[in-house]
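Chains as they are written, first to last, in my numbering: chain P, 1 to 194; chain G, 1001 to 1159.
Read the hints as simulated data drawn from the structure, not as lab findings.
No residue lacks a Cβ here, since even glycine has one placed at the ideal position from N, Cα and C.
A portion of the hints provided could be inaccurate.
[Claimed, not checked] Derived CB-CB ranges, DEER-like:
| # | chain 1 | residue 1 | chain 2 | residue 2 | range |
| --- | --- | --- | --- | --- | --- |
| 1 | P | Ser-5 | G | Arg-1006 | 49 to 59 Å |
| 2 | G | Ala-1018 | P | Ser-8 | 16 to 26 Å |
| 3 | P | Gly-59 | G | Ala-1062 | 51 to 61 Å |
| 4 | P | Ala-186 | G | Arg-1019 | 26 to 36 Å |
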Amino acid sequence: MTTTSSPSDTDLLRQLRSGAADAFAALYRRHQGPLYRFALLRCGSAGTAADVVQETFMGLLTGRFAYDPLRGQLQHFLFGVARNLVLKQEAPQRQAALPANGDDDEDEPDVAASGACPLARLLEHEAAEEVRRALALLAPHYRDVVILYEMHDLSYAEIAAICQVDIGTVRSRLSRGRAALAQRLAGWRSASTV
Amino acid sequence: MDTNERDPLFDPLRADLARMDTPRGVEKELMQAFARHFPRKRPWYRALPARAWALAGALAAAGLACALLVAHLDPGAREAGAGALMTRGDDGGLFIALEPIERIAREPAPRMVATEVSRTSLATLGVPLTPENAGDSVRAEMLVAADGQPLALRLSSFN
């Protein structure tokens, strides 16, 4: 019996740079799902998430975002690019809505993500929707860490590399983010049972 | 170290999101961008415009017409030969120049010598040879220069 292994990301990238469309398509299909789901939870808009995925892969194609295999996995690099693109899109709203607050203020809601959200229509499951809403109310730097850890099974070190912070910061943000989520969900559930 | 387990609170959200992928239009747009970024190299013959092909075809046709015209105007000339000029005379005999025509014309005192030549040696001059006549000899008249150098050969009984 013969087994065939799929080519590595590095092999596909090499082929991409020599003009192989199949390699680009394979890379896209391999990574678009997690990237889209991350962007979707992170910004709360399906359209923006699709734009982020498109811009990320466009940057990979054109070399605008240069990936160095020696500095980690391609998927983590793509998460980092997507996160930066989301932050860039949120910057004007953040400036207007959140003036001069501390970096780790867990209670500041993210205005862009907590508004009327198309994702809400997509999620059928009530419990999932509750978690999503609670997640959307987390400050962006907590949300990044919680999403990457809980939804994408990444390690502290991987999240630290993506978010460009140290591991201790990842650990504290995750802890505070989880606590804030639990508090909010407990509040909603007690209110709904009264 | 990551010692914490993933929170089961997120299980429903994981299940819901697992079905979600980027809209199909994004892949289409990316592949179109890829095609623009890496345009396919056309083979050289496809890169030539139709006008160039038409010109090349016209030149080839003209060349072929010239070759056919020359052959038609001088049918007896250059039947064959390994560097020898061979012409067929009115009597059906074959004249084979062994030296350039200018050299033969310059010879002040040529003489004719009757001889017999084997067909196998004539074959090296381009005279057709078949298995049936390979052992035969042909009567010939050889034009010889004053110093004894053969200049030309005439095969009077050749057929």
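Status of the hints after comparison with the structure:
no.	hint	verdict
1	Ser-5/P - Arg-1006/G: 49 to 59 Å	28 Å, violated
2	Ala-1018/G - Ser-8/P: 16 to 26 Å	24 Å, holds
3	Gly-59/P - Ala-1062/G: 51 to 61 Å	56 Å, holds
4	Ala-186/P - Arg-1019/G: 26 to 36 Å	28 Å, holds
Comparing the model with each earlier hint shows a violation of hint 1 alone; every other hint is respected.
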